[in-house]
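Asks: The primary structure of each chain is shown beneath.
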Amino acid sequence: MTAAGAAVAPDLPDLLPAVKPRHGILGFLRRHPTIAAGGALLIAMLMMAVFAPYLGTVDPTALAPARRLRPPSADHWFGTDMLGRDLYSRVIYGARVSLIVGFAVATLASVFGLAIGLFGGFIRWADALLMRVMDGLMSIPPILLAVALMALTRGSVGNVIVAITIAEIPRVSRLVRGVVLSLREQPYVDAAVAAGTRTPMIILRHILPNTLAPMTVQATYICASAMIVEAILSFIGAGTPPTIPSWGNIMAEGRALWQVKPYIVFFPAVFLSLTVLAVNLLGDGLRDALDPRLAKRL
Amino acid sequence: MLAHVVRRVIATIPVMGVVALFVFSLLYIAPGDPAAIIAGDQATPADVERIRQSLRLDRPFLIRFGEWVWQILHGDLGTSIFTNLPVTTMIAQRFEPTLSLMVVTLCFAVAIAVPVGVLAAWKAGTWIDRSIMAFAVFGFSVPVFVIGYLLAYVFALELEWLPVQGYTPIADGIWPWFENLILPAVALGCVYIALIARITRASMLEVLQQDYIRTARAKGIGQRGILFVHALKNAAVPIVTVIGIGIALLIGGAVVTESVFAIPGLGRLTVDAILRRDYPVIQGLVLLFSFAYVLVNLAIDLLYTVLDPRIRY
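So the sequences go chain by chain: A and B.
1187 is the number of the first residue of the first sequence in the numbering used here; add one for each residue after it.
180 is the number of the first residue of the second sequence in the numbering used here; add one for each residue after it.
Accuracy of the hints is not assured; some may be wrong.
[Unchecked claim] Here are the simulated DMTMM-like pairs of lysine to aspartate or glutamate, each with C-alpha atoms no more than 20 Å apart in a straight line:
1. B:Lys412 - B:Glu385
2. B:Lys412 - B:Asp480
3. A:Lys1447 - B:Glu337
4. B:Lys412 - B:Asp487
5. A:Lys1447 - B:Glu339
6. B:Lys302 - B:Glu385
[Stated by the list, open to error] Counterexamples of contact, computed for chain A against chain B with all Cβ distances above 12 Å:
7. Thr1339
8. Ala1353
9. Asn1466
No wet-lab data here; the hints were simulated from the structure.
The beta-carbon is built from N, C-alpha and C at its ideal position, and this holds for glycine as well.
Input sequences plus hints: build the corresponding full structure.
Replies: Here it is, written out as structure tokens:
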């Protein structure tokens, strides 16, 4: 009956293919290609740093005066420096310093910045004092502040981390304080106060979780900037001691010879730029994913 | 209005106070006893004590800080440990190259970044916008000395279009002066351009959604008029703000750029002072740079009312 009598609705043309919602990590990465690209590049660098001894490297500090300044070849992929050290090994091991400094500064600056920002955002008398101090520190250009602090101490990875962290804290605490000040006007905070919740609990349960999204984004940017500042400090001779192969140190050593042997500066420069790029891409992606309102504005 | 200016100027005093306290503590907690260093190896403890008293190093922290601030307010930044010259003299000798570099970079960066940011906002979502923003991410990621070496290698060593390194004072002619500054200014400007272009785009995108832009378009005003007269004017406040904040990037970058391009400016002086642990010079430079930074941002703060008459105090 149906075939002969009643008209059958014609098939709709395939104008709008059905939206297939993708779930899980793969779907998330597909929706945020910058996170996927940045994350993949960063993981590659991390693996490289962790497995440095197994990547065909030799001792990055081994001197070989007979093989000085060799250009890149099958034996020495990136060539050798003026002391005959293998540049490939030095560059691979150099990833460790950059990544350690980047992650350590991002973590420490976030923790201290969060503490100061939360404290200042909630306690009036401390706020005025803390923010004056932060304004003062913020008016010293961060690289200059880190350089001045490094002048006080010996060069070591730990001291570099502390110096850069101090230079980064003011910006983080300003950000957190701003977020806290807007959050405490929210109706749910009023509700919590009305219900008799004590201030520490309000901070812990209602304010802190809401600062984490902007903090995570900020932390990735701090990580990127810390890696650049570390390289700059080492490059001008105020960073990690020259015995440690860091990208900044390798470039500082290649500086005198860069016109005739540009590859000494070139290889660490490429790796440093790629690593910072990876972290920045990750940061941009996280910003878009975690904070759509901010993403529209930036 | 005048009351507002006075209030803003007064507000910078505590900020500079914190900077001064930090810079003074730098010398106070610096390792090594200045009295013992000046006295030399042959000195007896009595000699050291005498020098310490003559330098007033035996006074309490706050009194010494007060005296030090008093000195600075009278234009005395102390004497270099290394060259025995007054710090103010050393800074004056190195001032011109750094100021030149900063001003050239600032002009060039703003001249590129603002139109590029406007273009990205106008073409938002297209491949033009995407590639401009991709370049901005690269600008953030490639450190200034890497760009510096790359530019010097390509344009000075390979193509031989521009001098590799060095600085020519402006008194020796505008072109030789400018020629030497092109590569350093481009290298130093990259991060700055990325920063300003991003904010310009964001600020413009917000303004372009406003009703009065649609009205302007309905009136038949051309695209250029809408973008640069109606929209950019209203988007100016965040852009100008980030130009001011970015000065900190320029100052930090100048330290490195001057090392790469062998420019005998304040940045080189900073590096030399750090390597020699010449604390009075470091103090003077940090103080000077911070003061300049605070002044620029104060000027920008006062500029807001000119840029946006809706802002009233």
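Asks: The structure should be examined with respect to each hint, and the outcome stated for every one.
Replies: Okay, the hints, checked on the actual structure:
{"no.": "1", "hint": "B:Lys412 - B:Glu385", "in the structure": "13 Å, holds"}
{"no.": "2", "hint": "B:Lys412 - B:Asp480", "in the structure": "16 Å, holds"}
{"no.": "3", "hint": "A:Lys1447 - B:Glu337", "in the structure": "13 Å, holds"}
{"no.": "4", "hint": "B:Lys412 - B:Asp487", "in the structure": "8 Å, holds"}
{"no.": "5", "hint": "A:Lys1447 - B:Glu339", "in the structure": "17 Å, holds"}
{"no.": "6", "hint": "B:Lys302 - B:Glu385", "in the structure": "14 Å, holds"}
{"no.": "7", "hint": "Thr1339", "in the structure": "8 Å, violated"}
{"no.": "8", "hint": "Ala1353", "in the structure": "10 Å, violated"}
{"no.": "9", "hint": "Asn1466", "in the structure": "5 Å, violated"}
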